[in-house]
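2 protein chains.
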Amino acid sequence: MTISPHRADLARLIDPACIALVGASDRPHSIGGRTLTNLIDHSTIRGELYLVNPTKTELRGRRCWPSIAALPQTPDVAIIAVPAAGVLAVAEECAARGVPFLVILTSGFGEAGAEGERAQQRLKEIADAAGMRIYGPNCPGLCNINARLGMTFSPSFPHDLVPGPIGLATQGGGLGRNVMQAMERGVGIGLWASTGNEVDLQVADFIHYMATAPDIKVIVTLLEGIKDGPRLLAALQCAADNGKPVIALKVGKSEYGQRAAQSHTASLTGSAEVNSAVFRQYGVIEVDDIDELVDTAWLFARAMPPAQEAIGIYCSSGGTAALTADAVGTSGLKLAQFAPHTRELLLSRLPDYAAIDNPVDTTAAILSDADLIEQTLGAVTTDPNLGCVLAPIALEYGATTVSLAHTIRAAQQQSPTPIIPIWMSDRLGEGYKLLVEGGFAPPRSVGKALKAVQRWTEWGRWQRAGGLGEARATTPARSPSPAGGTVRNLSELEAKQLLAQSGIALLPAAVAATREEARRIADGMGYPVVAKIASPDVVHKSDIGGVKVGIADGAQVELAWDDIMASVRHHKPQAAIDGLLIEKMAPRGGFELMVGVTRDPVFGHVMTFGLGGIYVELLRDVTRRLLPLRPADARAMVREMRCYPLLQGARGKPPADVAALERLLLAVSDFVMAHSTSLEEMDLNPVWVGSEGEGALPLDAVIVMLEDA
Amino acid sequence: MTISPHRADLARLIDPACIALVGASDRPHSIGGRTLTNLIDHSTIRGELYLVNPTKTELRGRRCWPSIAALPQTPDVAIIAVPAAGVLAVAEECAARGVPFLVILTSGFGEAGAEGERAQQRLKEIADAAGMRIYGPNCPGLCNINARLGMTFSPSFPHDLVPGPIGLATQGGGLGRNVMQAMERGVGIGLWASTGNEVDLQVADFIHYMATAPDIKVIVTLLEGIKDGPRLLAALQCAADNGKPVIALKVGKSEYGQRAAQSHTASLTGSAEVNSAVFRQYGVIEVDDIDELVDTAWLFARAMPPAQEAIGIYCSSGGTAALTADAVGTSGLKLAQFAPHTRELLLSRLPDYAAIDNPVDTTAAILSDADLIEQTLGAVTTDPNLGCVLAPIALEYGATTVSLAHTIRAAQQQSPTPIIPIWMSDRLGEGYKLLVEGGFAPPRSVGKALKAVQRWTEWGRWQRAGGLGEARATTPARSPSPAGGTVRNLSELEAKQLLAQSGIALLPAAVAATREEARRIADGMGYPVVAKIASPDVVHKSDIGGVKVGIADGAQVELAWDDIMASVRHHKPQAAIDGLLIEKMAPRGGFELMVGVTRDPVFGHVMTFGLGGIYVELLRDVTRRLLPLRPADARAMVREMRCYPLLQGARGKPPADVAALERLLLAVSDFVMAHSTSLEEMDLNPVWVGSEGEGALPLDAVIVMLEDA
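Taken in order, these protein sequences are the chains called A and B.
Going by full-length UniProt numbering, the letters in the first sequence line up with residues 1 to 709, in that order.
Going by full-length UniProt numbering, the letters in the second sequence line up with residues 1 to 709, in that order.
Everything hinted at is true.
Which copy is meant is left open, so a pair is good if it fits within one copy or across any two.
No more than 16 angstroms apart at the CA atoms, straight line, and that leaves these computed lysine to aspartate or glutamate pairs for EDC-like:
#, residue 1, residue 2
1, K334, E255
2, K653, D543
3, K334, E458
4, K584, D523
5, K334, D357
Derived from the structure by calculation, the hints contain no laboratory data.
Based on the provided sequences and hints, a complete structural model is requested.
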């Protein structure tokens, strides 16, 4: 298993002193030719650049070397741009020479059928044996904009001219390049890694690198699939430890997307719900579209979210003011109440018919008065009662808008509070250009701006609440289930006994092999009791008449025995029957919840907790966490449920035993950790929770364990 | 009350032969000067244009007239651009001359405090007395792009050069102008009415006009508030009758938005939920942002949604293909299965490593082969198994993208199936311009494109299902409650008797004045019964111990009497007590639902129907309709509930009596219509519904009636 490299290791790949280009070419449209142009004409090489091509002695006035072996020094990075058939030989040469990093641009490997897959596997073996790291193959290369270094064949690299604190890690090149083109809108992306087939280095490794890279403040990633869940989690932990936000767009929220992404990247595909839950747990800001990725990254690059969350709105159209205020409200965000001195200044300076309370509507009449705009916008932007100012610009109005753009730039100089101009028009005029040149990346609609502010605000709240906290002491077994081995459904009694051994409270229960024993057990427990068929072959007991509840006395126990046996034998004549499980009935009242655990193929064991009973599937009032839980996780899970107010004692009901519920979640987490290699799935549904002091008890338990083949 | 004008009436305002401009000016930046420029330099006047200004004899080489009275003929429209102080006098002059329409650009009326409000009122009186119609005041004017006529002072009018089948009706000018600037993206807007203070003509009137205007196919509206609900509904009905989609952005979804919009337009503000429900009922396509308004309008202008709803995706980047497929899936839309001949063509022409099943990923390698792209895109676009083709373009790639744009234009020539190019890059290059010139208005992100397609598809489904149907036979009283009059809570028994008189089935119930009478009544009904305090002063009976359920015999009735009386006297010593309401208890099992009716200040009586009981507030599983209901409405309401599958008999429960539920909804609607002038509010919660044949019964009833003061 490959270990995730430290940042220091990758630094030599990302900011190398000495580079070799193997397959350098003078054909301008070839991969080798384009890469050569990017390196020579558009890059700054810190040390040496060696061109390798056995068929030439010189290329564009530079010496050409016949092989890696022949170079006067060992390069930090060898960029490989030879045809697929020649890649393995070059890789072997590099391994022999001790080159630490290969950037393999060539395609025709894992993405190109079985033969390519074999070649890719061989490439990995060569690299592993030599301790050499590979980036690619089948990738557009690596763009270090902040160091002005383009180890890439992309003809767009010469236009990638806006350095900045945003780091971008993607798999495919097309979507990544799309994000890079957001530089047109003033977004400064300092580093772009596009990892292609990920034979060795993965998106996760570059997130890990960026988490401590001094020139990167904000990490952005596009994921089509995840090759190695634990490696990604380690990277995310490192980003959280360093206070850097990670903004992610993950394809695969629907079956169509999963299918298309899987055929494109051959990554693992877990469930979209689990993926989003893990992202939330790790503080990853998940977005739904590329424009949202860009808007959000820009806002974080501009400023980290302050504790003061309220928003100011400043504009010159009443309708736009109302639309923006509305979007603030529907986003669940707050409009600021201006400080008295702000209000006074606005009142004294703006005309009578202007709206001076937040949102400010100056009216279009004063747009030509740049001084007045600067003063009033300045007053709003320096108001201590807000954390950002939205400045929606509905119109491209020529000279008036140019003047407004100048004013926004000037006002921003006077305050650290970010002004977010929203460019709503499809006409991108001079004013727009001025804003972009001034370091603004205006979102293109009110809704998109609010989405960015909302995500920014929520991440700030998450971080102030402690963020991800210390790295987890225990590393759960997160590898997908081994192919070998069989899975077995434990019987309900087995499952409950196993849970009881782990200290999970349960109602008294025992299996009776005869009618008489059933009655004796029930008499011992006290009534009412529940009787359920005990059979390894019956999972959905109530569907075949295998359950009786509210049994009030011994006579009813015997009746229940007869009824259940008859019904089960009728529906499942072949089922092996151990007898009846007799269980004390839960007290009346209380709520029905559920706790489930599954093993996600990417991330490992995940707990699902939420509302149980008949509404469970319709309402999907559930929350999820990667295991193990910490006490804070259990607390949060209970409070995240939409139905939490009911647990607090709504509608005349007494408050539920939330403390016992949290203890149960933690106990289940411990149970899973103790059985992490074998536990495939468990389902406690319903979990009964009574009022304070009455406890929380799983009433049914299904556990599926992996057993050796 | 002003009657909504017929289209024929407004045609003379919108496409006048003869126009007078009162307040024509040679000061280029004045309202009168700018309007003059738009009329003379940028408009086509069908008949005569008269300039009126008593201080001039000539303006820009044209004769000036001293007054409206002095004109040689009566103009169809007088555009008024004089200062506020002079408007009333001009209006009187116009009224005397018999001018049918005024366009009043001047501001300083209703929006400018009490004095302005008085002047505006006077304006209305002058107009009403003369049968003259007013557009404005405080508006930017009226732009008839299709007739190339700008009765507006907007300096942007000279750029409004893209005629088309989209009609736009707005209140404020700022947001409306923003939509107009979408012409930059190829969106053809043929007519823009921006109605300002709406002293007379409203947005609704222009929607009504557009509903039958031959040059308008798609109606778009921005609403900050609604002045007259029934007038809007009549317009929407007319649009539906003519098969024209109405796309609306309504500000006021949150309290912030409502407050800001109200201060801006002085319109009525109803509840956002009611507004959205009425829109849905009338087939109005509600959008959340201006870019969505534009994307959706363009798509409808391009093509009406076909019965074949499946979607094709054609692009040249694997990541983009996956992202787009994902968005199709999360939107609940379907990817098409290509016809065999399409698949064969793609298979034979595209390279091995391309993805040929939907989504098509040609890979970037073949982008330079225009013929190949045209053939394969052409095959997809003419495939009979799909209704539209998404062509996401992730990158601006110079000449390659130009070639792609040409190909898309060519492919579109060969098929009526719309191709929707999605321009995802922030770099708007030559390829983008080519698409726009070719009549495409590319959405700017995958998510936004899908939102447009989703709304387009849903409207098509709504229309194929019969749309709005015939105009309603009865017009409900929808005027807001009169200021006079007092409201009274009927007692539960009064309310139930009133419902019973209207033929609504209820459980037997009677009020007992003494303990003994209570027992007698209960004995007569048969047990179990429910006892509830009967008092005009107690609404929330259970909160003060005023309810006992499950009373099993006569002794328990007497006990209930004592307990309830003691508890109510303890909590509410001053309450007048009529006795105990004894009611037969509903059978066990069944579901708890709720039916409520409120009077919306804009639209009138609205029914809310949905899940009752403890989950009602948390889950908000409700649906709403404007009354009266038709049988199809009742059917749809029951089926729109998220919990409908439970009513169908999920989880081993028998199916609920859905037919009785529908009858109850219709009966409540009839009841409301019969009491429409006095009914303020009613709340049947819970409504019990049993299994098939058992019926649907309101268990509690609160009715609030308006009584004369």
